[in-house]
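Residue numbers (my numbering), protein chains in the order written: chain A, 1 to 279; chain B, 1001 to 1336; chain C, 2001 to 2296.
Hint data in this document are derived by calculation from the structure and do not stem from the laboratory.
Here the structure is a predicted model, which is why all the values come from computation and not from measurement.
Fair warning: there could be bad hints in the mix.
With the C-beta cut set under 7 Å, the calculated list includes, among others, these residues of chain A facing chain B [unchecked claim]:
{"#": "1", "residue": "24"}
{"#": "2", "residue": "25"}
{"#": "3", "residue": "91"}
{"#": "4", "residue": "104"}
All residues carry an ideal CB built from backbone N, CA and C; glycine is no exception.
Listed below, chain by chain, are the residues.
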Amino acid sequence: MSHVLDLKHLCLTYGQRSVLNDISFSVHEREFFIVIGPNASGKTTLVKTISGVVKPQKGAIKILGQSLSRFSRKKLARYIAVVPQTAPGDIPFSVAEVVLLGRFPHLGFMGLESANDLEIAEQAMSFTNVTHLSTRRMDQLSGGERQRVLIARAICQKPKIIVLDEPTAALDLSHQIHIMDLMEQLRCDEGITVVMVSHDLNLAAMYADRMLLMKNGSIVKLGHPSEVMSFEILEKTYECVLLVDENPLKKVPRVIQAPRKLRYVSALKNDLFASQPEK
Amino acid sequence: MMDKTKLSVVKRTLAVSLFLAILLLSVCFLGLSTGSTGQNIREVFTILSGYGDQNSAMSTIVWQIRFPRVILAALVGATLSLGGLVFQALLRNPLAEPYILGISGGSAIGAIIGILLGLSRFSGVALLAFGGSMLTLAIILSLSSKSAMKKDSMILSGVMVNAFCSSIIMFLISITRESELHTIVFWLMGDLSTSDAHQTLRLSFALIPCFIVIFIFAKPLNLLLMGEEMASSMGVNVRLVSVVTLTVTSFMISATVSHSGLLGFVGLVIPHLLRIILGPDHRLLIPSCILGGGAYLVLCDLMARFIPSQGEIPVGVVTAMIGAPLFIYLMQRSKR
Amino acid sequence: MKPNKIIYLFLTLFLILTLEMNGFASVLVDQSGREVLIPDSPASVVSLAPSITEIIFALHEGSRLKGVTQHCDFPPAVKSLPRIGSYVQPDIEKIVALKPDLCIATKDGNPQEVVDRLSALNISVYVVNPRNLNTVMETILEIGSLLNADEKARLLTKEMRSRIDKVKLSVSRASSRPGVFFQIGTTPIVSVGTNTFIHELITTAGGRNLAEGNSKYPRFSREQVITLKPDVIIISSMTRGEVFEKVKAEWNRWGSMPAVVNKRIFIVDSNILDRPTSRLVEGLEMLVGFIHPELK
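If we strip away everything but chain A, and leave its shape as in the complex, we get:
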């Protein structure tokens, strides 16, 4: 397997605070790669660095072997599509218009779409099942619908890599699984590499080929879900009481939080409760 994405010794500081601290890893082609970690661990910054929105102060990013700094914005957008954590709430376009905007990096001087571009947009819309919404305005959609439109738009860019920042965060159970299935399908059918930031460890464990656990801008662990999501690593990283068992559907770990009022379940860990501050 070849590397589509290579990160070497990335460093980034905002003022005094180190946001990314010597980050190095590679993502393989067709991989489902999920970044996890507590709040403020630098996941979103990492995504922004990969998509070229934020420039690292040190280190190098290579996309298909080519240095990121040698990509123009437009060329980069043909390789990487981003589904951001938050999109403006007041996008004035209709669904069809938003999806079609995804063709921008492939268009010529004045940005006029050809019949082929329309075709691609229609396919992307039917893929994420938003065709019936095509004339609706973005601000009239529900959260799940908005997310699917933004994914259709990203697909429309025909990227090699799709980067998603917590795409399931605001969705209900069925929409979450729908989005994740879409990504898996995209990976299998189109051969697109998926890089995703997620807070939902169990969902991530079921889909991810490999996971990257981050904390305070540094890599804690990189590897298969069963390696990363061990009880010791997770509890140390998230600094809270957890239970880890096995997912009945797949041989991957499953995590459960332990609320304070149910402490007796983990009565064995009395010493830990005493010493660990609770977040």
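Assemble the complex: chain A is given as a structure, and chains B and C must be docked to it using the hints.
Just chains B and C now, with coordinates in the frame of chain A:
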């Protein structure tokens, strides 16, 4: 459904532009045939068609007095509307407008200093106005943020800069001699009456390339409506687009401000009005703003010359008088 | 060689043609240094300032006037003439429609742009620039010669000069030079500096202009005026009556000023004193009455 709405962008743009161009031409014709010496549509038509006595006083009035004035009104209207459109897209703020952001105010300071120094309207006053507007733009940009443009802080610092500019203008007025005072006050209210053919021609040579440059950026401006970060990840060089369009717009604004003075509300009302009717696509909005904004100001100027029996009222009074209620009406309607 | 000849040919043709169109004409240099093509005995004249209108009427050439500004109010005969807007912002279209042979403008009152614009439209604009009593008389003579009224202008200026001389003679006998505060604006308080007609009139009438200085129209605060201790306060106003009474009452509160003690606060019609016309002499004689009542 999709094919119908999308494939026809070119056709829609052409159709809307054609309609607005006809509107602009008819308003211009009305402007040419109306003036303080009365209205004579047939005579004006003969003069415009090239027949008739080219040495008559009416011919001079039509060609050398009304014609430059109507063209200037159209150019200024187009520039201000386009400026408003660009600012609103870049800052994703419906209130953004050169006038409100202080760009107009900055160029007004430059222009007033130019007038006080007795410089000529084009080149002299215009250059100082351009300097003033670029200075305010630089101040606003550096105040709002050094790395990325934060839209809210930009509007806020723009409003502050504008307030500062206003006080400087009031200061300049208060130390002005009486004989120049009237000129400046009239100019501040927006005044198209000093246009002559030569200057208007030069102005149009300066403005039309700017219109084209901004039209080239229509698609990136569309993407910017998705938010700066998303636009950037979709292949837009946000910094380049912002710097080029802001500079070009400031240049256009100062070139027109030095000719026409401060005209509010054109840049606010026309883009909003057209957006409500035509939707958010800048490929459609840019030509529409140029043609529609031009027509609006020609019409306002026509009223400014037509309404009063003695002398004329400054066109800036008319634009705001019509523009403000219209804007409030539109805002109320879109809330529902 | 050849192109030059052609240019000369065209120039000659052009000159002949323009002369043909205007009857006889000559090129004169006006008081602002511009060359102006002036037709002999222009039949239709547009005046761009009240002072010029007054001078033309004083020369009994009012019949040539085809347009005046909306500020022209003297003599009463002016009321029936077409108006061409204000002198700062004349309606160019109306002027063109009147097809004047000649426009007369003032350098001080009319903006340079208006003059440029009219000349660009092939309308002859003669600019006068009277700055003091002497140049007012020169201006009257010049306008007289423009309008073929040299003799009338000569008589008019001769009379002005003799009246001025008379004033000077009687003032030279006065023992004192009272301090005069001449107020041309009420809010803010504005007076006149050295480079103005009124300053010249005050000094000629035997007074001291308390606001003399480089600034043409200096501003004063109330306490500055009180410290100046004016012997005479003259308020020039276009609106008489109520406003004047108010301003006068305001000054009368300050009993420390000689002007208040001696009841020497006056109001004058501003048109007599700030319009550079033959009426300035009337204004001068009136000022002598205010400043040196003992000489009467």
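Right, here's what the structure says about each hint:
no. : hint : verdict
1   : 24   : violated, 23 Å
2   : 25   : violated, 21 Å
3   : 91   : holds, 6 Å
4   : 104  : holds, 5 Å
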